[in-house]
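Number of protein chains: 2
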Amino acid sequence: MITENILPHLCIMNAEIITIGDELLIGQVVDTNSAWMAQRLNEAGVRVVRKQTVGDVPEQMAEVIKAALNRSDIVLLTGGLGPTKDDKTRDVLCAIYDCGLVVDGQTLARMEAYFTARNRVLIDTNRDQANVPDKCTPIPNHHGTAPGMWFDENGKILVSMPGVPYEMKAMMDEFVIPRLRNQFALPEVVHQNLITMGIPESHLSDLLSKWESELPARYRLAYLPAPGIVRLRLSCYDAGMHDASAMTELMDGLATLVQPYLFSRGDSTPEQAIGEMLRIRNQTLSVAESCTGGYVSHLITTVPGSSIWYLGSSVSYDNEVKSTFLGVDANIISTKGAVSEEVARAMAEGIRTKLKTTWSIATTGVAGPGGGTPEKPVGTVWIALSGPFGTHAKMFRFGDNRLRNIQMTTLMSLKMLRDAITESGSL
Amino acid sequence: MITENILPHLCIMNAEIITIGDELLIGQVVDTNSAWMAQRLNEAGVRVVRKQTVGDVPEQMAEVIKAALNRSDIVLLTGGLGPTKDDKTRDVLCAIYDCGLVVDGQTLARMEAYFTARNRVLIDTNRDQANVPDKCTPIPNHHGTAPGMWFDENGKILVSMPGVPYEMKAMMDEFVIPRLRNQFALPEVVHQNLITMGIPESHLSDLLSKWESELPARYRLAYLPAPGIVRLRLSCYDAGMHDASAMTELMDGLATLVQPYLFSRGDSTPEQAIGEMLRIRNQTLSVAESCTGGYVSHLITTVPGSSIWYLGSSVSYDNEVKSTFLGVDANIISTKGAVSEEVARAMAEGIRTKLKTTWSIATTGVAGPGGGTPEKPVGTVWIALSGPFGTHAKMFRFGDNRLRNIQMTTLMSLKMLRDAITESGSL
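First to last, the sequence lines map onto chains A and B. Counting from 1, position 143 in the first sequence corresponds to residue 143 in this note's numbering; the numbering is continuous, with no gaps. Counting from 1, position 208 in the second sequence corresponds to residue 208 in this note's numbering; the numbering is continuous, with no gaps.
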C-alpha cells in the first residue's frame with residue numbers, strides 16, 4: 001500500500017473508479033473493468049483510493065460522483081452511456097457541470113460510416129449518442145457508438161467511458177493514460193514479483209517482518225495470496241535510473257529468505273514457470289491423475305505452446321483404469337489401497353514409461369466429501385514424481401473441501417516438479 | 001432489477017457491500033465476492049444499493065462503513081481479517097462500536113484442532129485471530145482461521161467476513177442468509193432456473209421479449225450470462241401459496257420457447273446435471289481429450305460422487321499418445337490430420353472400448369494461439385460422442401481466445417452428451 005507517510009516528498013495523484021449499472025448490483029455481471037483500470041492507473045503511478053458501484057439512479061450517481069470529485073484528483077466512470085432509457089450518465093454529468101449538449105461531428109461521421117458499411121439505418125436513438133456535454137472533450141470510440149467524455153475543471157479530471165470492456169480498454173490505452181501522463185508529472189513505479197508455495201501468509205509475514213521493516217522508504221512489499229500460493233510483490237515508487245538493479249538485489253535477498261518456499265520469480269503463473277523451465281531444458285512431462293481428476297493437465301494446458309513440453313495424461317478415477325492405462329498391478333491396489341505410496345509411484349512410473357517423457361507426476365488421494373476412512377481421512381493425498389533421478393513420493397493432509405483439495409494437490413505437485421528440476425542441476 | 005414501481009406495496013431492505021483490501025485497489029485481484037453476495041442477497045429479497053472498495057486505511061474504512069450504516073439497513077464487509085498488520089477491519093469495528101476484544105473460545109478451540117490435525121504450530125499471530133469485538137456475535141469459520149462478526153445495533157446489521165471466497169461463501173450460506181431471513185420478514189422470493197447453451201444473450205432476449213412482457217407484475221426474468229451459457233432465472237417476489245405451481249407452469253412455457261438451446265432445468269451446473277442424468281440411468285462416461293487438455297475431466301470431477309458414473313480419461317496432446325492410449329491408427333492422423341472428424345470419432349470409440357463405458361466424449365481442435373492453418377484456423381474443433389446408438393461428430397468454429405476455446409469446447413461436448421442421453425429415451 002502506498003501511504004502518505006511513506007512518501008512524504010512525492011505528490012501521487014489519487015483516483016477513484018465508479019462503475020454504474022443495475023446489473024452490477026444484482027450480481028448479474030462480475031465487474032472486471034475496475035480491476036483492469038486500477039492496474040493501468042497504478043502502472044502509471046496513479047493511486048486508486050476507492051471504487052464504487054451504483055445503480056442507474058440519477059440522484060445516487062450525482063451524489064457519488066460529486067463526493068469523489070471532492071476527495072480525489074481523478075474520477076473514472078464506466079457505464080450508463082448506452083442508447084436506452086436506463087442510461088443516464090450523460091444527463092447526470094450535464095447537471096454536475098451545468099452545461100448543455102452539442103453534436104460531436106467526428107462521432108456522428110464515424111457512426112454514419114459504421115452504419116452505412118453494415119447496411120444499417122442510423123436511427124435517432126443512435127444519432128443522439130453523438131451529442132456530448134459542451135464542456136467536455138469527446139473521446140473517440142473506435143469499437144462502438146458512444147463516445148467517451150473528458151472533463152477538466154477546477155484542477156479535477158473526470159472521465160466517462162462505456163461499460164463494454166473492449167470499448168473502455170481501447171479508450172484507456174489510446175487516450176486516457178497517455179493524456180494523464182502528458183498533463184501531469186506522474187511518478188515512475190516499478191514492480192517485481194515472486195511466488196511462494198507451501199507457507200501460509202501469516203508465517204510468511206513473520207519470516208519477512210524484519211526484512212520488510214528495513215526496506216528503504218520508497219519500497220513496499222505486498223502479500224497477494226491466492227489459493228495455495230502467496231505472491232510477493234515489491235514496488236518501488238518514484239523509481240530512478242539505478243532502481244532496477246537495486247531492486248533486483250533486494251529481490252535476490254527476498255528470494256534467499258523464502259528459498260524453501262520459492263516457486264518462481266517474475267510475473268509468470270506457476271504453470272507458466274514450469275513450462276519455461278522444461279522448454280529451455282528441452283524436457284517433457286506426462287501426468288497420471290486420480291484425485292485431481294484432470295486439473296493438473298488443465299492448468300498445464302492453459303499455457304500457450306504447452307504442446308512442446310507436455311505430451312499427455314491419464315485420468316484414472318476408476319481403479320481398473322489405473323491398470324488399463326498405466327499397467328499398475330491390481331494386486332498393489334487391492335493390498336495397499338488406491339491411495340498409497342506404492343500406487344502413486346506405480347502410476348508415475350507407468351505413465352513416464354508409456355509416454356517416454358523426462359518427468360512425470362502422479363496424484364492419488366481422497367478429495368472428498370465421501371471416501372474417507374479413519375487411517376485415510378478426506379484430504380489424504382499421495383503425490384509421486386518420477387524423473388531421470390528415479391521416483392519419490394510424498395504424503396499430504398489437506399482439508400475437507402473437495403475443490404481446495406484438488407487445487408492444493410495440483411499446486412503441490414507442480415512444486416515437487418519444480419524442486420526436482422532445480423535439484424537436477426542447471427543447464 | 002427490483003424497482004419501487006414494480007412492487008410499490010413491498011418493503012424491501014437495502015444492503016450495501018464493502019470490500020476491503022489494497023490488493024483490490026491495485027487491480028491485482030478481481031472482486032468476484034461482491035457479485036456472488038449480491039446474487040445471494042437478491043435471492044433472499046434484499047436489495048443491494050451500493051458496492052464500495054477501500055484500501056487497508058482505517059480512517060477511510062471507518063468513514064465508508066459509517067456512511068453505509070447511515071444509509072442502509074444491512075452492511076456486509078469482506079476482507080481485512082487476515083493475521084498480518086495490514087488487516088485492520090477488526091480494530092476499525094471496535095472503534096465504531098466502541099468496544100473491546102474478547103476471546104471467542106469456540107474459534108480458539110476450532111483453530112487448535114485445525115492446526116493439530118495438520119501437525120502445524122499455532123503461533124501467536126493466529127491465536128490473536130480468535131479475539132473478537134465484545135459486542136459482536138462471532139460467526140464460525142469452518143474453512144479457515146478468522147471468525148466472521150455479526151453486529152446488530154440501532155436496527156442496523158453489520159456483518160464482517162473474510163475475503164477468502166470459500167470462507168465467505170460458507171458463512172453467507174450457513175449463517176448470514178438464514179439469520180437475515182429469521183430476523184426480518186423478508187419478502188418471500190421464489191426462484192426457478194434453467195440453463196441455455198449455444199445462443200447469445202442478445203438473441204435470447206429478442207426471442208423472449210414477448211413472453212417477458214406478458215409476465216404478471218411480480219414475476220421477473222433475469223439473464224445471468226457466464227462463459228458459454230446463459231442462465232435464466234425467473235423470480236416471483238412476494239410469493240404466495242399457489243405460486244410454486246404457477247411458476248412451474250411459466251417455466252414449462254419458457255423451456256418450450258428455448259427448447260433447442262435448453263441444457264437443464266433447476267439449480268444444477270451443467271456438469272451436475274449430466275452427473276444426475278447418468279446416475280439415475282446407471283450409465284457411465286469416459287473422455288478422450290486433446291484440445292481441452294483435461295478441462296472436461298476437471299469439470300466433471302468437481303462434482304462430488306462423480307466416481308460413481310465417471311471412470312477416466314486420456315489427455316493426448318501429443319499425436320503419438322492418441323495411438324498409445326486409444327489405439328487411434330497413426331495413418332488416419334497423418335492423412336486426415338489430428339483435428340478431423342475421423343480422429344475425433346476414433347478417439348471416442350477408442351476410449352469407450354478401452355474403459356467399457358456407456359458413453360464417451362472426444363475433443364480435438366486448434367485451441368490457439370498457434371497451430372492454425374487456412375483450412376483449420378484457430379478455434380476449429382471436432383467433438384465426437386460415442387454411445388449405445390453409435391458415434392457421431394460435429395465441427396465447431398469458436399474464436400481466437402485459447403481459454404475460451406477450451407471452455408466452449410467443454411460445454412458443447414456436455415451439451416452433445418446431454419442431447420444424446422435425452423434422445424436415447426427416458427428411463
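Simulated from the structure, these hints should not be mistaken for lab results. Hints should not be assumed to be uniformly reliable.
Same chains, same names: a pair is fine if it fits in one copy or spans any two.
Claimed, not checked - 30 angstroms max Cα-Cα, derived DSSO-like pairs, lysine-lysine:
no., residue 1, residue 2
1, K210, K88
2, K376, K169
3, K356, K394
Verification of the supplied hints:
For the homomeric pair K210 and K88, the shortest alpha-carbon distance between copies (20 angstroms) is at most 30 angstroms, but the shortest distance inside one copy (51 angstroms) is not. Taking identical chains as interchangeable, the C-alpha atoms of K376 and K169 lie at most 30 angstroms apart only when they sit on different chains, with a minimum of 27 angstroms there against 43 angstroms within one chain. Taking identical chains as interchangeable, the C-alpha atoms of K356 and K394 lie at most 30 angstroms apart only when both belong to the same chain, with a minimum of 23 angstroms there against 32 angstroms between chains.
This entry satisfies every hint, going by the numbered hints stated previously.
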